[in-house]
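Participant: Build out the structure end to end from the sequences listed, making use of the hints.
Number of protein chains: 2
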Amino acid sequence: MKEIVIIGAGFGGLNAAKILAGNKDFNITILDKENHHLFKPLLYQVASAGLNESDIAYPIRSIFAKYKNVKVFKENVVDIDGESKKVITDSKIHQYDYLIIACGAVENYFKNTNWVNFAPPLQKLSHAQHLRNKILNAFEMAEKSKDEEERKKHLTFVIVGGGPTGVELAGAIGEITRITLTKEFRNIDPSLSRIILIEANNTILRSFDKKLIKKALRDLESLGVQVWTNSRVTDISGDYINIANETIKTSTIMWAAGTMANSLAEKINCDKDQMGKILVENDLSLNQFPDVYAVGDIVHFEQNGRVLPGLAPVAMQQGKYAAKVILKREAGKPYKPFKYRDKGQLATIGRSKAIAEIKRFKVSGTLAWITWLFVHILYLTGFKNRMLVMLQWAWSYFTFKKGARIIIDK
Amino acid sequence: MKEIVIIGAGFGGLNAAKILAGNKDFNITILDKENHHLFKPLLYQVASAGLNESDIAYPIRSIFAKYKNVKVFKENVVDIDGESKKVITDSKIHQYDYLIIACGAVENYFKNTNWVNFAPPLQKLSHAQHLRNKILNAFEMAEKSKDEEERKKHLTFVIVGGGPTGVELAGAIGEITRITLTKEFRNIDPSLSRIILIEANNTILRSFDKKLIKKALRDLESLGVQVWTNSRVTDISGDYINIANETIKTSTIMWAAGTMANSLAEKINCDKDQMGKILVENDLSLNQFPDVYAVGDIVHFEQNGRVLPGLAPVAMQQGKYAAKVILKREAGKPYKPFKYRDKGQLATIGRSKAIAEIKRFKVSGTLAWITWLFVHILYLTGFKNRMLVMLQWAWSYFTFKKGARIIIDK
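Which chain is which? The protein sequence lines are W and C, in order. The first sequence maps to residues 1 to 410 in our numbering. The second sequence maps to residues 1 to 410 in our numbering.
Worth double-checking, as some hints may not be accurate.
With a straight-line Cα cutoff of 20 Å, these simulated PhoX-like cross-link-like pairs (lysine-lysine) come out [what the hints assert, rightly or not]:
id: 1; chain 1: W; residue 1: K146; chain 2: C; residue 2: K86
id: 2; chain 1: C; residue 1: K71; chain 2: W; residue 2: K183
id: 3; chain 1: C; residue 1: K86; chain 2: W; residue 2: K33
id: 4; chain 1: C; residue 1: K18; chain 2: W; residue 2: K183
id: 5; chain 1: C; residue 1: K33; chain 2: W; residue 2: K134
id: 6; chain 1: C; residue 1: K92; chain 2: W; residue 2: K146
id: 7; chain 1: C; residue 1: K152; chain 2: W; residue 2: K92
id: 8; chain 1: W; residue 1: K152; chain 2: C; residue 2: K410
id: 9; chain 1: W; residue 1: K384; chain 2: C; residue 2: K401
id: 10; chain 1: C; residue 1: K71; chain 2: W; residue 2: K146
FYI, nobody ran anything at the bench for these hints, they're computed from the structure.
Facilitator: Have a look at this one:
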C-alpha cells in the first residue's frame with residue numbers, strides 16, 4: 001500500500017483524489033485547512049448576496065464518504081520535508097510515498113501588507129461574508145447618515161483589479177445598486193452609487209479578445225461601473241484610496257488585484273518564480289523531489305511560451321494528470337508530458353451580460369450568459385447545490401432580487 | 001402626521017409595522033440592530049447545519065419596500081426618554097408620538113456572565129454560525145486526535161436547558177451523529193457520540209402534556225440523547241461542565257437555559273419583573289407612559305394567572321394588537337384589553353419525530369412532525385425562503401444528509 005498525501009482540496013487536489021479514490025493499491029490522505037471544497041468561480045456571488053455560502057461549498061469528507069481508502073483531515077500544514085517524505089501539520093506527521101501539493105494561491109498585496117485591513121480580498125468563504133457585510137452595511141450607513149459627504153463616501157465602491165473576479169464583483173455591485181435596491185431606501189438613492197474598477201494595466205480582462213473586452217466595458221458602464229485603466233493604487237486607508245495623485249473617498253474597497261503562491265510553497269526546497277509559484281517539470285513533478293507533484297494555482301507552468309492562468313480548468317486537468325502519472329509510474333507504464341487543453345474562457349458582468357471565448361467561437365450578451373450559467377452549474381459539486389443554485393438564479397432573474405442580503409454581525 | 005417608532009423587527013415589531021404600513025396618517029420608523037427579520041424558531045436548524053442563514057432571515061427594508069411611510073434604520077438604541085418622547089440611537093435622535101418596544105429577550109446566564117465564552121447561546125445568526133462551527137469542528141478534532149480521552153471529549157455534546165430550543169438542538173445533533181455522519185470518518189465513530197441534555201427542573205418541555213413529554217423523551221433517546229433532569233449546572237469551562245458534584249469532559253456546550261429582557265428595558269422608567277421584563281397594562285401600554293407600548297418577549301403579561309410564554313405567536317398577536325390600539329386611539333374608538341388566543345404548541349425532535357398540542361388535540365410522531373413542517377413553512381417570511389426551505393427539507397429527508405455542513409473559519 002502506497003501512501004499518497006494531497007495538500008488542498010481545491011479543484012486540483014479534489015480531482016487528483018477522485019482519480020485515486022477506490023484504487024486499492026493506495027491510501028489517500030487529504031489535508032485541508034477548511035472542511036469544504038469551495039467552488040471559487042462563484043465566490044463573488046456570495047460576496048454580492050446572490051448565493052449562500054453552502055451553495056458553493058461542499059464538505060470534503062462527504063465527497064469521499066464511500067471510499068474507505070480516503071482519509072480527510074482538517075489540518076494546517078506547517079512544513080514539508082521532501083528528503084524524508086513527511087508532511088508536518090499542526091497535529092501530526094504524515095509520511096508519504098507520493099505527495100501532491102495543491103494548496104493554491106492567496107491574495108497578493110505586493111508588499112503593502114496593511115492594505116488587507118482596508119481592502120479585503122476574496123479567496124474564501126469568510127472573505128465573501130466579510131465583503132457582503134461591508135457592501136450591505138455601506139447602504140445602511142448611508143441611509144442613516146445626515147452628512148452629504150459621509151453619504152457619498154458610503155455610496156462609493158472601489159474594486160481594485162480588472163481580472164474576471166474584479167469585473168464580476170463590479171458588475172454584481174452595479175446590479176445591486178441599479179436594480180435590487182432601488183425602492184428600498186428613503187434618504188438615499190442607491191442608483192447614484194459610484195462604482196469604480198481600478199486596473200493598473202491598459203485594459204481589463206487582458207486575456208480576452210479585444211472586441212469582447214469592449215463589449216464587457218459597455219456592459220459594465222450600463223450598470224454604472226466606471227473603469228479606470230492604467231491606474232496604479234498608491235495608498236489605501238479606512239476611508240480613502242489614492243490612485244497616483246488622485247484621492248477617492250470611499251468606505252468599501254475590494255482587492256482583486258492579483259495572487260501569489262500559498263506560503264506553503266516556501267516550505268519546500270525547489271525552484272520558484274517571483275510570485276513564489278513552483279516551477280515544475282513537464283510532468284508536474286518537482287525536479288528536486290520526483291515523488292512530489294504540484295498542481296493548480298501554486299504552479300508556474302509554461303506552455304507555448306505562455307504561463308498557464310490560474311483558472312479552475314487548469315487546476316482540474318493538472319490534478320487529474322498528476323494522479324494518473326502516479327498510477328502509471330506504479331504500473332511501470334510510460335506517460336506523456338502535461339498538456340493543457342484550453343476549454344476557453346468566460347466572464348459574466350450581470351444578468352444577460354457575459355462574454356465567452358471558446359476556441360474561435362466568440363460571443364457576448366445573452367448567449368454567452370446562458371453558456372456561463374450552464375458551465376457553472378455543470379461543474380458545481382453536489383446535486384443539491386446545483387438544484388439550489390439554479391433555483392436561486394431563476395428566482396433572481398424573475399424577481400430582480402438578490403437572495404442572501406443578510407448582514408451577519410458578530 | 002403622527003410619528004410611530006418601533007424598536008425591533010422580530011415577530012412583535014414586524015407585525016405591528018405591517019398593520020401600520022401604508023396608513024397615511026402615520027410615519028413609521030423601524031429601528032433594529034440587524035438588517036434582517038429573523039425566523040427564530042428555525043435558528044437551531046442553522047446551528048445544526050440543516051439550513052442556510054439567509055433561508056430564515058429576510059431584509060427588513062425589503063418587506064416594507066413599497067410602503068413609502070416606513071423608514072428602516074440599522075441602528076443601536078442607546079436610550080429611551082419617555083418624558084420627552086425620544087429614542088436615542090448611536091447615530092441620531094428619533095422623536096415619537098407613539099413608541100412600540102419590541103426588542104425581545106436575550107440569553108440569561110443567571111449572573112455567571114463568563115459562561116458565555118464556553119457555552120454560547122443561540123439568539124441570532126452569528127450565534128448559529130458560531131455553534132455550527134463548534135459542532136462540526138468537534139468531529140474534525142476528534143478524527144485527527146490520537147488521544148482517546150481527547151476524542152471522547154470532542155465527541156461529547158452538552159446542551160443546557162430542556163425547553164423547545166434545547167430539545168430541538170439535542171435532537172438535531174442526535175441526527176447528525178446517528179444518521180448524517182456515520183460513513184464519513186475513518187478514525188472515529190460519530191454514532192458513539194455522547195449527547196447530554198441538562199435540565200434544572202424535573203422535566204423537559206414543561207409546558208407540554210405529560211404523555212407528550214414521555215414521547216419526546218423516548219424520541220430523544222432513540223437519537224442517542226440522554227436527558228438529565230433535576231440537574232443544576234455549577235460550573236462551565238473550556239473543556240468541562242460541572243453538574244452538582246459531577247464533571248463531564250466536553251468541548252461543545254450549548255446554552256439554551258433561559259432568557260431575560262433585552263437590556264434596553266432598563267433604559268425606560270417602568271415596572272419590571274425579576275427577569276427585567278416590562279410589566280404592562282392590559283392594553284400593553286406602560287402605566288408611566290401611556291403612549292409607549294411593549295410587545296413580545298420583553299413583556300411580562302399575565303393571563304388567567306399565568307405569564308404568557310416567550311413564543312412567536314404571543315409576540316405576533318401582541319404586535320398586531322398594539323398597532324391596532326394606536327389606530328383606534330387616533331380614531332377615538334374604544335378597544336378591549338389584550339387577550340392571547342392560544343394556538344397550541346409544537347416541538348420537533350428529528351425526522352418524523354415531533355409533538356403537537358393544539359387545544360385538546362394532542363399528537364406525536366409523523367403527524368405532529370408534518371404539522372410542524374407546515375406551520376413553520378407557512379409563517380416563514382418570503383416566498384423564496386419558503387420554497388428553498390421546503391426543498392432542502394425534502395432533500396434532507398430523502399438523502400439523510402444535512403445541507404449546510406460548512407465550517408466558516410475566519
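Participant: Which of the stated hints cannot be reconciled with the structure, identified by number in ascending sequence?
Facilitator: Failing hints, ascending: 3 and 8.
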